[in-house]
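Colleague: Those protein sequence lines, which keep their order, are chains A and B. Residue numbering for the first sequence is 1 to 259, as defined by the numbering used here. Residue numbering for the second sequence is 1 to 361, as defined by the numbering used here.
In short, the hints are calculated from the structure, not lab data. The beta-carbon is built from N, C-alpha and C at its ideal position, and this holds for glycine as well. Some clues are possibly wrong.
What the hints assert, rightly or not - If you want a taste of the chain A side facing chain B, the calculated C-beta under 8 Å gives, among others:
hint, residue
1, LYS72
2, ARG85
3, PHE93
4, GLU128
5, PHE198
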Amino acid sequence: MTNEVLLDFNNVTMQFGGVTALSDVSVKIFRGEILGLIGPNGAGKTTCFNVMTGVYQPTQGSVVFNGSDITKLKRFQITQSGIARTFQNIRLFSEMTAVENVMVGADARKTSSIPAALLRTKHQRAEEKESYDRSMELLNLMGIADRASDAARNLPYGYQRRLEIARALATEPELLCLDEPAAGFNPAEKQQLNELIFTIRDRGYTVLLIEHDMSVVMNVSDRVVVLDFGKKIAEGLPSEVRSNPDVIAAYLGVPDDAA
Amino acid sequence: MSRLWELWKRLQSLSTDVQVRWKSMSRVQRLSGYVLAVLALYLAPWWPKIPGIGWLVNTPGTQFSTVLNDQVIIFVLVALGLNVVVGLAGLLDLGYVGFYAVGAYVVGVLTSQHASLPWLVVLPIAVVVSMLFGVILGTPTLRLRGDYLAIVTLGFGEIIRISAKNLDWLGASRGISDIGRPPSIGPLKFGVIDPKPYYWLGLTLVFLVVFCLHRLEESRVGRAWTAIREDEDAAELMGVNTFKFKLWAFAIGAAVGGLAGAHYAGKVGFISPDNFPLQLSILFLAAVVLGGSGNMYGAILGGIMVAWLPERFRNFTDKRVLVFGIALVLVMVFRPEGLLPRRVRTKSPMKSASGGQEVAQ
Numbered sequence: 001m002t003n004e005v006l007l008d009f010n011n012v013t014m015q016f017g018g019v020t021a022l023s024d025v026s027v028k029i030f031r032g033e034i035l036g037l038i039g040p041n042g043a044g045k046t047t048c049f050n051v052m053t054g055v056y057q058p059t060q061g062s063v064v065f066n067g068s069d070i071t072k073l074k075r076f077q078i079t080q081s082g083i084a085r086t087f088q089n090i091r092l093f094s095e096m097t098a099v100e101n102v103m104v105g106a107d108a109r110k111t112s113s114i115p116a117a118l119l120r121t122k123h124q125r126a127e128e129k130e131s132y133d134r135s136m137e138l139l140n141l142m143g144i145a146d147r148a149s150d151a152a153r154n155l156p157y158g159y160q161r162r163l164e165i166a167r168a169l170a171t172e173p174e175l176l177c178l179d180e181p182a183a184g185f186n187p188a189e190k191q192q193l194n195e196l197i198f199t200i201r202d203r204g205y206t207v208l209l210i211e212h213d214m215s216v217v218m219n220v221s222d223r224v225v226v227l228d229f230g231k232k233i234a235e236g237l238p239s240e241v242r243s244n245p246d247v248i249a250a251y252l253g254v255p256d257d258a259a
Numbered sequence: 001m002s003r004l005w006e007l008w009k010r011l012q013s014l015s016t017d018v019q020v021r022w023k024s025m026s027r028v029q030r031l032s033g034y035v036l037a038v039l040a041l042y043l044a045p046w047w048p049k050i051p052g053i054g055w056l057v058n059t060p061g062t063q064f065s066t067v068l069n070d071q072v073i074i075f076v077l078v079a080l081g082l083n084v085v086v087g088l089a090g091l092l093d094l095g096y097v098g099f100y101a102v103g104a105y106v107v108g109v110l111t112s113q114h115a116s117l118p119w120l121v122v123l124p125i126a127v128v129v130s131m132l133f134g135v136i137l138g139t140p141t142l143r144l145r146g147d148y149l150a151i152v153t154l155g156f157g158e159i160i161r162i163s164a165k166n167l168d169w170l171g172a173s174r175g176i177s178d179i180g181r182p183p184s185i186g187p188l189k190f191g192v193i194d195p196k197p198y199y200w201l202g203l204t205l206v207f208l209v210v211f212c213l214h215r216l217e218e219s220r221v222g223r224a225w226t227a228i229r230e231d232e233d234a235a236e237l238m239g240v241n242t243f244k245f246k247l248w249a250f251a252i253g254a255a256v257g258g259l260a261g262a263h264y265a266g267k268v269g270f271i272s273p274d275n276f277p278l279q280l281s282i283l284f285l286a287a288v289v290l291g292g293s294g295n296m297y298g299a300i301l302g303g304i305m306v307a308w309l310p311e312r313f314r315n316f317t318d319k320r321v322l323v324f325g326i327a328l329v330l331v332m333v334f335r336p337e338g339l340l341p342r343r344v345r346t347k348s349p350m351k352s353a354s355g356g357q358e359v360a361q
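Only chain A is shown next, with the shape it has when bound in the complex (with noise of 0.2 Å):
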């Protein structure tokens, strides 16, 4: 972990309608860490996720990715530009293949369109060569390059899920967001996921954590920011997170007699 931010977080306000689901939420991500965003059920999770990935556009503020504004960038620029998350409820291309799947996150770097494809220039067969080999290497890397010809919607829950973070690996961020990607999973299955975290993060990815699942977490975040009615109650260390009054009451509740 370095000192260098490479995702600002600026005062963002995200409202719909009369709800508001983030409200002046400023979060610095530096580079090369791990950084935990937790929070109860409806905290504003996943938005912080959408505007950053520029799902939503934020009523206010600004996110600031190495240094340049990209609140403003259309989804696929910013992901272009080394943004790439998974979906908290798997969305893969189901009905291509593992690798086909991958492929499509690596083909966001290249550029050989229409044209090149009807001549299938020299260009244009060694970007395919490269996306396939770049895309087969990431599974090997998730463990799941056995079934690297079957069908996304054939493999198992397991799978999809590596498959996901395979796909966003593709797209060679900076920054990858995993949203609950440890949901459904047994310990056994946290456990090998904490190591693939840490595998991909010592290959220079900085990672972006969302997750319910404490054991998650606490043990693999370098810090941890905790979102409550779409406001930062807390960041810190996990440790100091863990024994923060505001976050075992937003957790836990408060008793009402001490409110």
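Chain A is fixed; fit chain B onto it per the hints.
Modeller: Positioned in the frame of chain A, the structure of chain B alone reads:
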């Protein structure tokens, strides 16, 4: 009924047998297989003369080679183009006849109505103009999705037809006659009587289109289209410029539709707005869905069926449409994903090129 079922089962096992045998053949054997198949297709006008099974394909009441060109080739070309839009990119287009009409009208205008350029020169112009119409329609409308897109495209088909009907410049409801024909080369005479040269030309166009579309499907472009069809939002978040690729799908689809229209105009020599009714759009879509949306070869088969079946049953006179309708319903009941459903491509794009076969763990 049980007999039919048995026959169906037997046909299925036969097709798997053929597939297995095909896979076990050597390269030379396969190549010669392809050559023979292509040759057989070029000789299709004589199929009804084959003893024993010729009657099965023959179309009573209409010359078989006329059906081959005016119906089958047109529908196959159109189905190929529409399959890119509907089957690959997943964009429901109910006004595809519009592009077909644009192709035909460009040929009409430039070879007869306002100029007398040769057909062969106009053909690429027709394709490019249709493509432009695809872009013009796509730019504002591709922000819409699903049903909304379908309704807008439905309107587009009608706008083209009604414009043609009301613009004197386009011949209004009189249409355009004396449209230029393809140039005759040696013994290949593109005249009024013999439809065979048109069929051969059309078949060549089909091969050309299949070749090009195959290359597109097996590339970054094809993957982008499929990803958009499967989950447009996820595709965009994985870095696919969804708008650009949807526009390309529309443009390519329109270009192929325009090509079909140009071929049609060159053959019949006369077009009028009545040749491009809304019903044709529906039949085009039926061809793609019936054959297997998303599978190029399915679309071809669907095009053949939708074009040929009504002609095959022409001697049922006014009941032929009923027979055709029943046939469509039966296919949809027994093969809901079409005659040749789209397959997940299990073959990796370049298996041999890299160590893609290593197994992890």
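Colleague: Measuring from the C-beta of A:PHE198 to each C-beta in chain B, is the shortest one below 8 Å?
Modeller: violated, 18 Å
Colleague: Can we keep the A:GLU128 interface hint, with Cβ of chain B closer than 8 Å?
Modeller: holds, 6 Å
Colleague: Does the nearest C-beta of chain B fall within a distance shorter than 8 Å of the C-beta of A:PHE93?
Modeller: With Cβ-Cβ at 4 Å, under 8 Å, it holds.
Colleague: Taking the closest Cβ pair, is A:LYS72 under 8 Å from chain B?
Modeller: violated, 16 Å
Colleague: Going by Cβ atoms only, is A:ARG85 closer than 8 Å to chain B?
Modeller: Because about 6 Å separates A:ARG85 from the closest Cβ in chain B, which is inside the 8 Å limit, the hint holds.
Hints 1, 5, counting from the list given before, are not met by this structure.
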